[in-house]
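Student: These are the residues of each chain, in order.
2 protein chains.
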Amino acid sequence: MPLENIPIVTVSAGAAVGPAPLDGLSGNAPVLLREIAEHVNRLLATGESSAIDLNALPLTPADLDWLQETLGTGEIAITLESDGDSTLNETACPGVWWVTHHNEHGAVVSRFLEVAFVPELVKAHPEDIKIGLEHLDLLISGLS
Amino acid sequence: MPLENIPIVTVSAGAAVGPAPLDGLSGNAPVLLREIAEHVNRLLATGESSAIDLNALPLTPADLDWLQETLGTGEIAITLESDGDSTLNETACPGVWWVTHHNEHGAVVSRFLEVAFVPELVKAHPEDIKIGLEHLDLLISGLS
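Going down the list, the sequences are from chains X and W.
Residues 1 to 144 in the working numbering are what the first sequence spells out, letter by letter.
Residues 145 to 288 in the working numbering are what the second sequence spells out, letter by letter.
No lab work stands behind these hints: they were computed from the structure.
Don't be surprised by glycine CBs; every beta carbon is placed ideally from N, CA and C.
Careful, some of the hints might be misleading.
[Claimed, not checked] If you want the ones that stay clear, here's a sample from chain W, every Cβ over 12 Å from chain X, calculated:
1) G168
2) D197
3) A200
4) T204
5) P205
6) A206
7) N233
8) T244
9) N247
10) H249
11) G250
12) R255
[Claimed, not checked] According to the in silico footprint, chain W covers these stretches of chain X (three or more CB under 8 Å from chain W):
13) 26-39
14) 52-65
15) 94-107
16) 126-133
17) 136-143
Start from the sequences, fold in the hints, and give me the full structure.
Tutor: Okay, structure coming up:
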């Protein structure tokens, strides 16, 4: 199932009032942390995956750094090479994945927090497996 | 589910008779290719994952090179950092993953071909997710 097919939730994080403080934190990142905990609870209760579009939220670069540091780094790092590279890194909270998509020039085009047992993009699709199997069968028949 | 819990099949590859040819190929790798195709067929038909223990087979280093080259390289590369690193790389045949486990000194301790939609080791376990959620809840309560 492509990423587009799983529910992407944009969180109303309640934009901070007034100018951003000197450290660049808007105050929205801790709100998001609560939202993530709710998503993880839902994953455990129902198995439902979800993704939070970080670029659709009023988060400063400092917020993103704080969030990434607070969620920590897990054991699993995944790279997916397509038209542009994607990285799907487990955070220190299992089931919460920090997903970054780049374009062919290496620029970040989107950032998600995916809450799932496994990121959707990592799963092999039956249609692709079938095509690969046909290729494998051709290889094998060429060997005999 | 840990890797140990999925069926690991050791293939009777029919050891080649006589001395190995100069190129170091034993003749067993093409047999294995047929076995892999059967596993992929089973995955598509029943959803059943499996793993082939490459170190338990009479394969020469040249066989392993031939096999790796023949299966090709897919889009997804996964690293798992634990006591020793593991790499779980998609081959050009989707659903067939080349899995290598290293010890803490970086030496290869086991090699598998895993046939699955997703390698088992990549999936977050509910028990680990629960522990991570407790940690997240503690973090959140410390913020308020």
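Student: Now tell me, hint by hint, if it's right for this structure.
Tutor: Going through the hints against the structure:
1. G168: For G168(W), whose nearest Cβ neighbour in chain X is about 17 Å away, the distance exceeds 12 Å, so it holds.
2. D197: The claim holds: D197(W) sits with its nearest Cβ about 20 Å from chain X, beyond 12 Å.
3. A200: It holds; A200(W) is separated from chain X by about 22 Å at its closest Cβ, greater than 12 Å.
4. T204: The claim stands: T204(W) keeps its Cβ more than 12 Å from every Cβ of chain X (closest is about 17 Å).
5. P205: holds, 20 Å
6. A206: holds, 16 Å
7. N233: Incorrect as stated: the minimum Cβ-Cβ distance to chain X is 10 Å, not above 12 Å.
8. T244: holds, 15 Å
9. N247: At about 16 Å from chain X, N247(W) clears the 12 Å cut-off, so the statement holds.
10. H249: Consistent with the label, H249(W) stays out of reach of chain X, its closest Cβ about 18 Å off (over 12 Å).
11. G250: holds, 17 Å
12. R255: holds, 19 Å
13. 26-39: Per the Cβ count (5), the hint holds.
14. 52-65: violated (count 0)
15. 94-107: Contact hint for the segment 94-107 of chain X vs chain W: holds, 3 residues under 8 Å.
16. 126-133: holds (count 7)
17. 136-143: holds (count 5)
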